[in-house]
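> Residue numbers for the sequence shown, in the numbering used here: 1 to 234.
Everything labelled a hint here was simulated from the structure, so no lab data went into it.
Every residue gets a Cβ at the ideal spot worked out from N, C-alpha and C, and that includes glycine.
Wrong hints could be hidden among the right ones.
Computed cross-link-like contacts, DSS-like style, restricted to lysine-lysine with a CA-CA straight-line distance of at most 30 Å [what the hints assert, rightly or not]:
(1) Lys111 - Lys72
(2) Lys52 - Lys185
(3) Lys185 - Lys171
(4) Lys125 - Lys171
Distance ranges between label pairs, derived from CB positions [unchecked claim]:
(5) Met98 - Arg76: 16 to 26 Å
(6) Thr134 - Pro225: 25 to 35 Å
(7) Lys5 - Pro122: 33 to 43 Å
(8) Met98 - Gly62: 27 to 37 Å
(9) Val128 - His15: 16 to 26 Å
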Amino acid sequence: MLTIKDLHVYYGGIHAIKGISIEVPDGAIVTLIGANGAGKSSTLRAIAGLIKQKSGTIIFNGEDISRLSPEKIVERGIVLVPEGRRIFPNLTVMENLMLGAYLRSDDEGIKKDLEWVFNLFPRLKERVWQRGGTLSGGEQQMLALGRALMGSPHLVMMDEPSLGLAPILVKEVFDIIKEINAQGKTILLVEQNAFAALNIAHYAYVLEVGEVVLEGPGGELIRNPQVREAYLGV
Numbered sequence: 001m002l003t004i005k006d007l008h009v010y011y012g013g014i015h016a017i018k019g020i021s022i023e024v025p026d027g028a029i030v031t032l033i034g035a036n037g038a039g040k041s042s043t044l045r046a047i048a049g050l051i052k053q054k055s056g057t058i059i060f061n062g063e064d065i066s067r068l069s070p071e072k073i074v075e076r077g078i079v080l081v082p083e084g085r086r087i088f089p090n091l092t093v094m095e096n097l098m099l100g101a102y103l104r105s106d107d108e109g110i111k112k113d114l115e116w117v118f119n120l121f122p123r124l125k126e127r128v129w130q131r132g133g134t135l136s137g138g139e140q141q142m143l144a145l146g147r148a149l150m151g152s153p154h155l156v157m158m159d160e161p162s163l164g165l166a167p168i169l170v171k172e173v174f175d176i177i178k179e180i181n182a183q184g185k186t187i188l189l190v191e192q193n194a195f196a197a198l199n200i201a202h203y204a205y206v207l208e209v210g211e212v213v214l215e216g217p218g219g220e221l222i223r224n225p226q227v228r229e230a231y232l233g234v
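Construct all of the structure, not just a fragment, from the sequences and the given hints.
Here it is in structure tokens:
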């Protein structure tokens, strides 16, 4: 589904991504783990068209999307759930969700996806006319995920979905990610909680200062002594 080859990204004079190559197969959960500054979020932003790469290619479903605008990338079926949720606090839950569908014109499909989102997140249905800014942190993360799903994406990219959440909510978020994947969505996940991410990932890449230093199935990396010492604290 998604193939990144020899991607290089600069922020000013900083070489943030140094020639990484990754694959995200259709139907998989793939995670990127690494310390702050490793280039994980920059990779997602480059795929989404929010920053432009210096060189390298990003191929999605056989098309080079490296030079497309963010709007065109969303049209192709890629959405990003950004770090920090970035919901619209002054809009209602329903208004936030419908903004996720702003490029769509299939009314029946939108209605079906809205029902799916409310099944995934019953609390959002209970608060449908509540302003986004009055929701708890966990509810805002659910709203950000729901808004992304309203775009009917093929690939959902998530940047630190568990950040700042209580442990019980972290488990709930990861259970929901697995459910979204089980219902046919491909997931590319960036997550500081390496243990939780590797537990659900079909495949994982470890990034350090803009380079891939390790890769393999999530279950294999979670047993890797180097990964356990550096990222799992064991």
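> Taking the hints in turn, state whether each one holds.
Now the hints, each set against the structure:
1. Among the hinted pairs, Lys111 with Lys72 is consistent with the structure: their alpha-carbon atoms are about 23 Å apart, no more than 30 Å.
2. Proposed proximity of Lys52 and Lys185 is supported: the alpha carbons are some 25 Å apart, at most 30 Å.
3. About 19 Å separates the Cα atoms of Lys185 and Lys171, which keeps this hinted pair within 30 Å; it holds.
4. Distance restraint check for Lys125 and Lys171: the Cα-Cα separation of roughly 21 Å lies within the 30 Å cut-off, and the hinted pair is therefore satisfied.
5. A beta carbon spacing of about 21 Å between Met98 and Arg76 agrees with the range 16 to 26 Å that was offered as a hint.
6. At about 46 Å, the CB distance of Thr134 to Pro225 disagrees with the hint of 25 to 35 Å.
7. The given range of 33 to 43 Å is respected by Lys5 and Pro122, whose C-beta atoms sit roughly 42 Å from each other.
8. Range check, Met98 to Gly62: Cβ separation about 31 Å, and the 27 to 37 Å hint holds.
9. Remark: the range hint 16 to 26 Å for Val128 to His15 is contradicted by a beta-carbon distance near 45 Å.
Against the hints set out earlier in the document, violations occur for numbers 6 and 9.
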